Amino acid sequence: MLILNILERFSGLLENVVKVSIILSMAGIVLFINLAVFFRYVLSDPLTWTTEISSYLLVYTVLFGASIALRQNQFVKVEALLHLLPKRLRTWIIMLSHVLIALFLVVCIGSPSMLIKKAVVTKTVSPALGIPMADLYRLLRVGFIFMLFFLCMSSIKLIRDNMFSSGDQEEAS
Amino acid sequence: MIASIFLFLLAVGIPIAFVLGISSVIYLWKSQMPYVLVSQRIFVGLDNFLILAVPLFILAGKLMNASGITRRLIEFFYIIIGHIRGGLAYVNIIASVFFAGITGAGAADTAAIGSIMIPAMKKEGYSPEYSGAVTAISSTIGPTIPPSIAMVVYGAMAEASIAKLFLAGFIPGLLLGLAQLLVAGHFARRQKFPVRQKILSMRTVTVGFFNTILAIMMPIILLGGILSGIFTPTEAAGVAVFYALIVGFFIYRELQILSFLKILYETSVLTGTILIILAMAHLFGWILAAETVPEIIANAMTSITNNPIIILLLINLLLLFLGTIMETLAAIILMTPILLPLAQSIGIDPIHFGIIMTVNLNIGLATPPLGVCLLVASPIAEVSLERIALSAVPFLLASIAVLFVISYVPQLVLFLPNLLMQ
Chain E
24 MLILNILERF SGLLENVVKV SIILSMAGIV LFINLAVFFR YVLSDPLTWT
74 TEISSYLLVY TVLFGASIAL RQNQFVKVEA LLHLLPKRLR TWIIMLSHVL
124 IALFLVVCIG SPSMLIKKAV VTKTVSPALG IPMADLYRLL RVGFIFMLFF
174 LCMSSIKLIR DNMFSSGDQE EAS
Chain Y
8 MIASIFLFLL AVGIPIAFVL GISSVIYLWK SQMPYVLVSQ RIFVGLDNFL
58 ILAVPLFILA GKLMNASGIT RRLIEFFYII IGHIRGGLAY VNIIASVFFA
108 GITGAGAADT AAIGSIMIPA MKKEGYSPEY SGAVTAISST IGPTIPPSIA
158 MVVYGAMAEA SIAKLFLAGF IPGLLLGLAQ LLVAGHFARR QKFPVRQKIL
208 SMRTVTVGFF NTILAIMMPI ILLGGILSGI FTPTEAAGVA VFYALIVGFF
258 IYRELQILSF LKILYETSVL TGTILIILAM AHLFGWILAA ETVPEIIANA
308 MTSITNNPII ILLLINLLLL FLGTIMETLA AIILMTPILL PLAQSIGIDP
358 IHFGIIMTVN LNIGLATPPL GVCLLVASPI AEVSLERIAL SAVPFLLASI
408 AVLFVISYVP QLVLFLPNLL MQ
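Respectively, the protein sequence lines represent chains E and Y.
The C-terminal residue of the first sequence carries number 196 in my numbering, and the numbering is unbroken.
The C-terminal residue of the second sequence carries number 429 in my numbering, and the numbering is unbroken.
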């Protein structure tokens with residue numbers, strides 16, 4: 024149980040870190056887009072890097088935001104059929120789907136390896152800001168790792184709830 | 008094979024984003040293609056300046072509500088038309104049409120307008136289910152009137168001009184509003200809704216107008232900027248956020264730092280849930296294209312019937328069904344790559360098709376089982392979802408009638424973009 028408590032506390036901490044980072048990133052997007060408009064129309068001196076940085080910020084806002092959404096079970100899904108099933112069966116299906124999603128996320132985490140290797144060898148950098156592309160791909164991987172972690176946490180919760188309350192609760196996941 | 012896996016995963020309630028991802032990985036595995044494609048397609052799918060407009064429009068809408076802009080718009084319409092018979096229902100619908108001028112997100116509209124209008128309507132003797140139904144159904148107009156998040160997403164999927172889509176949405180959006188006003192008018196006469204005895208003075212209108220002018224300016228700046236080509240849709244959305252911040256913090260002074268941070272957070276998570284689907288669809292769409300699935304479906308359809316009227320009818324019925332069970336943007340992301348080639352093969356313009364899709368799928372916002380506008384309206388009206396849904400049926404029929412009119416009379420949709428953007 025101790026290890027579960029530590030994990031739970033760690034995930035609470037991680038959740039807060041991710042929350043702060045997506046807030047900053049969203050605020051950054053607003054700032055850079057408005058800077059771009061201001062420099063182009065008011066100062067007639069367009070900036071070249073604002074498009075790039077706001078697009079990259081969006082990539083990570085989406086991935087990190089999705090990891091929080093996964094933690095809070097806010098993903099968009101079609102549940103109409105699921106609700107017709109008996110509760111026990113439903114819990115099993117949800118657990119099975121967690122396994123499938125976890126496998127997929129493992130593929131996602133492994134997937135950027137080639138991209139990173141190539142970017143390191145060729146020293147590719149982003150066109151306007153000169154950020155190493157390898158780092159950008161690594162961050163992509165971090166997003167998937169967060170998703171996998173939060174998914175595991177909700178699986179643990181699902182299993183625990185079902186072990187200790189013999190299936191009384193509704194919508195654990 | 009992939010299709011059946013896809014449908015199975017969707018049916019058992021796996022999030023749509025992961026349904027797309029898992030099906031894609033199974034395909035890559037079977038055809039022995041490198042998994043590096045997964046992260047590559049996801050990255051490229053999100054690294055897109057155009058879709059930045061999605062979080063920014065969501066943010067602008069939330070800020071409008073928190074900064075008191077929405078409330079002032081509603082109050083203004085209340086002053087002008089609130090006193091006629093059934094006036095509050097009209098205020099509700101017209102406020103939706105205007106509110107839509109800024110965000111174009113249905114559920115946000117229900118929450119913002121409903122929290123003010125539903126209690127007001129109940130107080131003046133409207134039934135709770137009718138109040139909830141009018142709010143929910145009028146919110147479905149929003150995404151058709153520019154600017155619209157749904158159209159940005161469609162434009163990104165179909166590679167169609169967002170500005171043209173926005174222009175094309177005007178007439179259908181106004182038709183939807185008109186149709187619902189007619190239904191509301193019918194009920195107002197038949198059920199003898201209350202009349203507020205108050206004489207409208209020039210003074211109250213003027214004062215009301217000046218109180219609202221900053222709110223009314225917002226859609227004008229936004230649309231004017233996009234349609235005149237000064238801003239890209241993304242920049243316009245960014246400027247809208249900035250405008251709402253200035254008005255909220257410094258002029259109306261209703262916005263607080265803490266609530267602003269909370270809104271930034273909510274927007275990021277919401278953006279994550281929507282755009283992660285788009286990212287995965289980028290991967291899945293690549294596979295669909297590689298396997299020429301859209302062509303196969305188009306051929307299968309056209310082998311059944313060559314009659315464009317019937318094909319369009321079938322497409323519309325399919326979308327209406329999908330709209331009832333699936334979130335609008337998810338459905339657009341999923342169905343555009345499949346249905347657009349079919350639509351084009353029977354001579355439908357991509358802009359026209361985008362509007363059909365938007366109007367169609369948004370009708371589902373006010374139908375069970377997955378009608379987010381109903382879900383939001385129900386607790387505000389303090390009445391069950393079913394009763395609101397039942398009350399909304401006449402309005403729904405009116406919306407469906409408009410859908411068929413714009414489906415079969417493309418001129419209504421294409422008139423403005425052709426006139427102004429050749």
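Hints were generated in silico from the structure; no laboratory data involved.
Computed from a predicted structure; not experimentally measured.
Watch out, some of these pointers could steer you wrong.
Said to hold, decoys possible - Coverage of chain E stretches by chain Y, computed from C-beta distances (three or more under 8 Å per stretch; other residues unrestricted):
1. 25 to 32
2. 74 to 81
3. 108 to 121
4. 143 to 157
As the list claims (entries may be wrong) - If you want a taste of the chain Y side facing chain E, the calculated C-beta under 7 Å gives, among others:
5. Leu17
6. Ile21
7. Glu242
8. Ile264
9. Leu265
10. Ser266
11. Tyr272
12. Ser275
13. Ala337
As the list claims (entries may be wrong) - Each pair of labels, with its calculated beta carbon distance range:
14. Y/Glu393 with E/Arg111: 26 to 36 Å
15. Y/Leu404 with E/Phe61: 20 to 30 Å
16. Y/Thr211 with E/Lys180: 26 to 36 Å
17. E/Val129 with Y/Ala307: 45 to 55 Å
18. Y/Glu393 with E/Leu66: 51 to 61 Å
19. Y/Ile9 with E/Ile179: 51 to 61 Å
20. Y/Leu265 with E/Ile154: 46 to 56 Å
21. E/Gly35 with Y/Leu320: 24 to 34 Å
22. Y/Pro401 with E/Arg161: 49 to 59 Å
23. E/Gly35 with Y/Leu14: 51 to 61 Å
24. Y/Leu14 with E/Ile179: 44 to 54 Å
25. E/Leu66 with Y/Gly192: 48 to 58 Å
26. Y/Glu261 with E/Lys180: 21 to 31 Å
27. E/Leu66 with Y/Ala10: 48 to 58 Å
From the three backbone atoms N, C-alpha and C, an ideal C-beta is built for every residue, glycine too.
Outcome of the hint check:
Figure legend: the region 25 to 32 of chain E, annotated as covered by chain Y; annotation inconsistent (0 residues with Cβ-Cβ distances under 8 Å, at least 3 required). Here the region 74 to 81 of chain E counts 5 residues with a CB under 8 Å from a CB of chain Y, which clears the bar of 3, and the coverage holds. Requiring three or more residues with a Cβ within less than 8 Å of a Cβ of chain Y, the coverage given for the region 108 to 121 of chain E holds, as 4 such residues are present. Counting residues of the region 143 to 157 of chain E whose beta carbon lies closer than 8 Å to any beta carbon of chain Y gives 0, which falls short of the minimum of three for the stated coverage.
A least Cβ separation of about 5 Å between Y/Leu17 and chain E falls short of the 7 Å threshold, and the interface hint therefore holds. Hint status for Y/Ile21 relative to chain E: holds, with the closest Cβ pair at about 5 Å, below 7 Å. Checking Y/Glu242 against chain E by beta carbon gives a least distance of about 5 Å; that is within 7 Å, so the hint holds. At its closest, the beta carbon of Y/Ile264 sits 12 Å from a beta carbon of chain E; the interface hint therefore is violated under the 7 Å criterion.
For Y/Leu265, the interface hint is violated, the least distance from its beta-carbon to any beta-carbon of chain E being 12 Å, above 7 Å. Checking Y/Ser266 against chain E: minimum C-beta separation of about 13 Å lies over 7 Å; hint violated. Proximity of Y/Tyr272 to chain E holds as hinted, the smallest CB-CB distance being about 5 Å (cut-off 7 Å). At about 4 Å, the closest approach between the beta carbon of Y/Ser275 and any beta carbon in chain E falls short of 7 Å, and the interface hint on this residue holds.
Residue-level restraint check for Y/Ala337 holds (minimum Cβ-Cβ distance to chain E is 5 Å; threshold 7 Å). A beta carbon spacing of about 27 Å between Y/Glu393 and E/Arg111 agrees with the range 26 to 36 Å that was offered as a hint. Judged by the Cβ atoms, the range 20 to 30 Å given for Y/Leu404 and E/Phe61 is violated: they are separated by roughly 48 Å. Evaluation of the 26 to 36 Å hint for Y/Thr211 and E/Lys180 yields a failure: the beta carbon distance comes to about 56 Å.
The hint said 45 to 55 Å for the Cβ distance between E/Val129 and Y/Ala307, and at roughly 36 Å that hint is violated. For Y/Glu393 and E/Leu66, the hinted distance range of 51 to 61 Å is satisfied, since their beta carbons lie about 57 Å from each other. Between Y/Ile9 and E/Ile179 the beta carbons are some 32 Å apart, a value that contradicts the proposed interval 51 to 61 Å. Between Y/Leu265 and E/Ile154 the beta carbon distance is about 32 Å. The supplied range of 46 to 56 Å is therefore violated.
Checked against the given bound of 24 to 34 Å, the beta carbons of E/Gly35 and Y/Leu320, roughly 52 Å apart, lie outside it. One distance hint, 49 to 59 Å for the beta-carbon pair Y/Pro401 and E/Arg161, holds here, with the actual separation near 56 Å. In this structure, E/Gly35 and Y/Leu14 break the distance hint of 51 to 61 Å, their C-beta atoms being roughly 37 Å apart. Our hint of 44 to 54 Å for Y/Leu14 and E/Ile179 is violated, since their Cβ atoms are close to 30 Å apart.
In this structure, E/Leu66 and Y/Gly192 meet the distance hint of 48 to 58 Å, their C-beta atoms being roughly 52 Å apart. A C-beta distance of roughly 38 Å is found between Y/Glu261 and E/Lys180, which places it outside the suggested range of 21 to 31 Å. Roughly 53 Å separates the CB atoms of E/Leu66 and Y/Ala10, a value that falls within the hinted 48 to 58 Å.
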